[in-house]
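> Construct the entire structure; sequences and hints are all you get.
Positions 1398 to 1902 (this note's numbering) are the ones given, in order, by the sequence shown.
Hints are computed from structural coordinates only; laboratory data are not their basis.
Here are the simulated DSS-like pairs of lysine-lysine, each with C-alpha atoms no more than 30 Å apart in a straight line:
(1) Lys1508 with Lys1439
(2) Lys1508 with Lys1477
(3) Lys1751 with Lys1554
(4) Lys1680 with Lys1863
(5) Lys1506 with Lys1403
(6) Lys1439 with Lys1510
(7) Lys1458 with Lys1506
(8) Lys1439 with Lys1458
(9) Lys1506 with Lys1439
(10) Lys1703 with Lys1751
(11) Lys1477 with Lys1459
(12) Lys1403 with Lys1439
(13) Lys1403 with Lys1477
(14) Lys1712 with Lys1751
(15) Lys1554 with Lys1712
(16) Lys1403 with Lys1540
(17) Lys1670 with Lys1554
(18) Lys1459 with Lys1712
(19) Lys1459 with Lys1439
(20) Lys1797 with Lys1760
(21) Lys1508 with Lys1535
(22) Lys1554 with Lys1540
(23) Lys1535 with Lys1554
(24) Lys1508 with Lys1459
(25) Lys1540 with Lys1439
(26) Lys1439 with Lys1535
The following label-pair restraints were derived from C-beta to C-beta distances:
(27) Asp1682 with Asn1611: 27 to 35 Å
(28) Leu1489 with Lys1540: 18 to 26 Å
(29) Glu1462 with Asn1611: 52 to 60 Å
(30) Glu1576 with Trp1775: 48 to 56 Å
Ideal placement from N, C-alpha and C gives every residue a C-beta, glycine not left out.
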Amino acid sequence: MEGQKKLPPTILFIFGGSGDLTNRKLVPALYNLFLDNYLPDKFVIIGAGRTPFDSDEDYRKKLFEGVQSFSGRKDELDGKWQVFSSNIFYHLTDLRDDSSYQNIFEDIKNKTKDWGEPPVTIFYLAVAPQLAQVLAQKLYEQKLCEDPVRTRLVFEKPFGHDLQSAHELNQLLRSMFDEEQIFRIDHYLGKETVQNILAFRFANALFEPIWNNNYIDHIQITAAETVGVENRGGYYEQAGALRDMVQNHILQLICMIAMEPPVSFDANEIRNKKVDVLHAIRKLDPEEVHAHAVRGQYAAGWMNGKQVQAYRQEKDVNPQSPVETFVAAKFFIDNWRWRNVPFYIRTGKFLHEKTTLITIEFKDAPCYSFPKEAAETWRPNRLTISIQPEMDIRIRFQAKQPGQEMVLNPVNMIFSYAEAYDGREPEAYETLLEDVISGNQTLFMRADQVEAAWAIIEPIMQTWLKRPPVDFPNYTPGSWGPEDSEELIARDGHHWAVVPAKTKE
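What follows is the structure in structure tokens.
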């Protein structure tokens, strides 16, 4: 397959080049882009890290193991990996040592001479958040980012740990770089099904006219995981589910569902529409938090036939930790389109199944015309967008059951990515890395978006901080979270939606 764009010569520096993110996600994604001809004709990838390697070849061998495990392209390694990896190099780097940045300067200078033109230079900060700030300052001080058109910085989440820290970090970066140079990654936005929300809404005349509070009763978003915190206890103690999932991933999904139609697909136009949604989400007063937000923490138990330990028993976790591993909440968007439409969200670890699901439930159609027996199985129309593990869109509607009587049953019309398209679905990081190289910021968080998102969850964070939980741990592995999350949605006469299990053929 031929690449769709002519991309400029590019040097990609990955700080944290010997780390897990590079091994599991970044290099496998870059290799897949190379196989599909989506990388520039001239490119260099330079890992920078603290782990010593005897040679560039030893570094490439480590990355090769990651590609074998995580790229999903095991049948395309012979020969092509050698060509790809010949463009990979490694620098042993002390981030606080100015001499390390002299090496970067020399790399850029040499490639500019070799290629006959200045390259696009990308600094991917795949390091701990506190180191990312140090790195950004060093890159600025060493004058490595003075060209706002050809230099880019990529930040992984979390971007700050609360509203104040995010604002201070944005101010610092704004004093050193142009906003157009800064790419804040949220890998959820690189998923094919998430991107398809915009196409589904705005490229089809069927749905946009009913995409409002006249027809939609409520919306649900579930982002459930079947794993615990694994080896990330130290990180999770500083984050928790509210910071780790709701502040970025889930609020971004709400934006995609709730935004107004853009006048173009210009990056800033789309991001303007998203930030309008964030500003319109109702901020909770502290006394409202208990009625609109639920937290939970998993206990010890069994998951998929294996015994698992409680969160408080995990490595690097406080034995009395008040940190939540589950969140459910109800939000409202105070604008004309979404007035009085509740948005229910839930996310957590060690839940019943791995799924990310968006459910739009429509208001009941009147059933005056039908006999009583026809309405016994009456269900409201429902649109379900499944992001993972299945990637599909389902529309539930009423249909007459075969027979002499007028009996209605809900049925599903399903669009499946796997069945509709033969091509391989790109991983999220493939899409996002290609956008960084081409300079397309559509799928990346802007500074005002980040701060607006923190402002929404700040009242919940502060209230929970002041009122430690008295019932942790309060849900068992393999469940759908604490009972209070069921009560949260049941109070309004609803229940959490799930996708029916696939029937075996």
